[in-house]
Amino acid sequence: MSIEVNNLNFSYGKIKALEGVSLDLPEGAIGLLGPNGAGKSTLLRILLGFLTPDQGEGKILGYDIKHQQSSIRRFVGYMPEDDCFIPGMDAVSFTSYLGELSGMPRQEAMKRAHEVLFYVGLEESRYRLVETYSAGMKQRLKLAQAIVHDPKLIFLDEPTSGLDPQGRKEILELIVDISSKKDIQALISSHILADIETICSYVIILNKGKVASQGEMAKLKEIDYSLYEVKIIGETQNYLDKLKRLKCKVEETEEGLLRIYMPPDQSPQEIFRLATEEGVQVRHFVKSQTSLEDLFAEAVGVD
Amino acid sequence: MSIKEKGYSHWNGEFKQGGLSWLPIVRWGIRLTFRKKFFKLLFFISLIPAIVFLVGIYISERLDDFRFMIRESTDFVQINPAYFKIYFTNDFLLFMMVMILVFCGAGLIADDLRHNALQLYFSRPLKKKDYFLGKVSVITFFLFLITLVPGIILFLMKLIFSGSFRFFASYPWLPVSIIIYSVFVTGFFSFYTLFLSSISKNRRYVAIFIFGLYIFSDILFGIFYGIFRSQYFGLLSIKSNIQQVGAAIFNQRTPYDFSWILSLAVLLLFCLLSAVVLNKRVRGVEIIK
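Those sequence lines, one after another, are chains D and H.
Just so you know, the first sequence maps onto residues 1 to 303 in our numbering.
Just so you know, the second sequence maps onto residues 1 to 289 in our numbering.
Read the hints as simulated data drawn from the structure, not as lab findings.
Possibly wrong hints are sitting among the right ones.
[What the hints assert, rightly or not] Simulated pairs of lysine-lysine, DSS-like, Cα-Cα distance not exceeding 27 Å: (1) H:16 to H:129; (2) D:111 to H:16; (3) D:208 to D:249; (4) H:128 to D:138; (5) D:244 to D:287; (6) H:129 to D:66; (7) D:219 to D:249; (8) H:280 to H:129; (9) H:127 to D:59; (10) H:201 to H:127; (11) H:16 to D:66; (12) H:239 to H:127; (13) H:280 to D:66; (14) D:59 to H:128; (15) D:138 to H:36; (16) D:16 to D:210; (17) D:138 to H:201.
Model the full assembly from the supplied sequences, consistent with the hints where possible.
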């Protein structure tokens with residue numbers, strides 16, 4: 001296991017950012033999900049040693065997160081969420097500079113900088129000053145600096161934020177390639193569920209500083225509730241109230257469909273029985289697949 | 001060609017071990033400073049005092065050849081510790097040091113804060129002390145080039161031009177004074193610059209702070225001295241305090257009639273406060289409580 005943490009607690013003054021977080025993560029791409037303020041960035045910062053946990057312990061690649069932070073950082077790459085660069089440098093200089101700061105010899109860092117800039121698709125513009133780069137190019141550059149020293153593990157904080165659909169697709173392709181074919185484990189923090197669903201096999205959902213759910217994506221998506229999509233014609237309010245009394249969760253989509261999550265002890269026939277009782281027509285009925293969005297909604301308690 | 005076809009190969013080299021991880025910061029700091037407009041000209045101007053004083057040393061050993069220029073006065077060409085003190089603490093050199101700090105130091109931390117680069121540094125196996133050491137070394141490089149290096153060269157040239165070690169025998173402590181003063185003034189200006197560079201994200205504001213605080217402190221001294229006629233107000237002036245301590249280091253009479261220890265205490269207190277602020281301002285993550 002490359003990431004193991006046990007009972008991590010961290011507070012910013014009186015505000016508890018992480019509470020009793022324990023993780024034992026497998027190889028591969030791991031998604032870290034959670035609403036804003038859930039503690040995702042704090043967790044990444046603790047794993048990188050930027051912050052020291054108030055309580056708890058952990059190991060990254062076998063190195064203690066409290067006492068061996070330098071060793072961790074040597075073998076870990078970090079792609080921050082914010083725009084970050086050093087003005088006055090071109091991309092090659094910037095990337096090789098950060099390679100050198102990771103401990104690479106100067107010549108090797110320069111050679112490696114060219115390689116990774118080719119890999120992320122910045123070969124044409126690698127001699128341009130980094131402050132002249134577009135948002136998409138900066139994201140690629142941040143990825144390049146994160147992998148220049150050939151880390152065993154990379155932390156990616158919102159890797160697709162601020163990108164257009166094409167740029168997002170390309171960055172995701174890169175991450176999939178890195179994490180699936182290059183023996184580099186990736187921990188990806190994002191609030192874009194579709195990204196995590198595309199690239200990760202394992203997911204952790206944080207909510208209010210606690211682990212709300214974690215596990216293999218495929219297994220987690222098999223949540224207890226059964227999902228049905230239904231179109232109802234008629235007065236729906238009483239019908240919805242009765243469904244809720246049966247402990248069903250109901251969402252209304254923009255297309256006017258009802259997404260009904262039925263608990264395991266209820267039969268889908270109840271949908272029709274209640275419709276008959278309330279005198280509404282069921283015009284469309286499909287058993288649907290639960291998505292990561294459903295899992296997320298269930299884990300963080302969003303109705 | 002799609003991204004996946006471009007390939008990625010693992011690096012099989014070995015990471016460097018040891019405590020020199022800050023060296024790339026120095027190298028790039030110096031390189032980026034020399035790329036700035038007008039810096040080379042400014043740097044050359046700051047070497048003018050060294051050239052003038054070197055000529056003075058040469059003339060002192062060839063008095064007969066230059067008698068027509070200096071006429072009766074030989075005060076100018078008496079080479080002794082006071083001569084070195086004048087070189088190190090003259091207003092022009094101190095002013096040029098501040099100007100160099102404006103160019104090389106204003107953006108050292110301010111740029112990193114503005115462009116969120118601190119997290120890039122600290123996500124590497126780099127400690128805070130390495131980061132500061134790298135930044136201080138950039139300042140040290142430039143200030144040593146106009147203090148320590150010319151000072152030692154002037155001393156050596158005096159020995160070479162005189163063709164004997166009599167000067168060294170008369171003032172064996174002078175090289176030590178040169179080193180101590182250079183380290184002292186560079187140390188103070190390093191704290192001064194990094195502190196000011198850390199309090200704003202805008203390098204232009206920092207440049208104004210570096211220049212303005214130095215000038216303003218001296219103006220303040222002038223105003224208070226004009227009103228109260230007390231030289232103790234010299235403690236408010238950065239320049240006066242440096243000159244006071246400089247005179248003591250070169251074993252000369254201090255320019256103001258208060259103890260140089262007070263000046264040293266003021267400068268050290270400033271350094272201490274700067275260190276506290278720097279420690280708070282420079283961290284891998286911005287923590288909002």
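message = Checking one constraint from the list: CA of residue 244 of chain D to CA of residue 287 of chain D, max 27 Å. Satisfied?
response = Between residue 244 of chain D and residue 287 of chain D the Cα gap is close to 18 Å, so the pair holds against 27 Å.
query = Under the criterion that the straight-line Cα-Cα distance not exceed 27 Å, is the pair residue 16 of chain D, residue 210 of chain D satisfied?
reply = holds, 10 Å
ask   = If you draw a straight line from the CA of residue 128 of chain H to the CA of residue 138 of chain D, is it 27 Å or shorter?
value = Measuring from Cα to Cα gives roughly 26 Å; hence the hint holds.
ask   = Has the given pair, residue 280 of chain H with residue 129 of chain H, been kept, meaning a C-alpha gap of at most 27 Å?
value = holds, 13 Å
ask   = Given the hinted pair residue 129 of chain H and residue 66 of chain D, is their alpha-carbon gap at most 27 Å?
value = At roughly 18 Å apart (the allowed maximum being 27 Å), residue 66 of chain D and residue 129 of chain H satisfy the hint.
message = With the threshold set at 27 Å, check whether the alpha-carbon distance from residue 208 of chain D to residue 249 of chain D stays at or below it.
response = holds, 22 Å
inquiry  = Hinted pair, alpha-carbon criterion (27 Å max): residue 111 of chain D, residue 16 of chain H. Please report holds or violated.
reply    = Satisfied, since the Cα-Cα distance of roughly 16 Å is no more than 27 Å.
request  = For the pair supplied as a hint, residue 280 of chain H and residue 66 of chain D, confirm whether the alpha-carbon distance does not exceed 27 Å.
outcome  = Distance of about 20 Å is within 27 Å: holds.
query = Taking 27 Å as the top limit, are the C-alpha atoms of residue 59 of chain D and residue 128 of chain H close enough?
reply = Holds: residue 59 of chain D and residue 128 of chain H sit about 22 Å apart, inside 27 Å.
task = For the pair supplied as a hint, residue 138 of chain D and residue 36 of chain H, confirm whether the alpha-carbon distance does not exceed 27 Å.
result = holds, 24 Å
ask   = Given the proposed pairing of residue 239 of chain H with residue 127 of chain H, does the C-alpha separation stay at or below 27 Å?
value = Violated, at about 33 Å.
query = Does residue 201 of chain H pair with residue 127 of chain H here, judged by a C-alpha cut-off of 27 Å?
reply = holds, 22 Å
When each numbered hint is compared with the structure, a violation occurs for hint 12 only.
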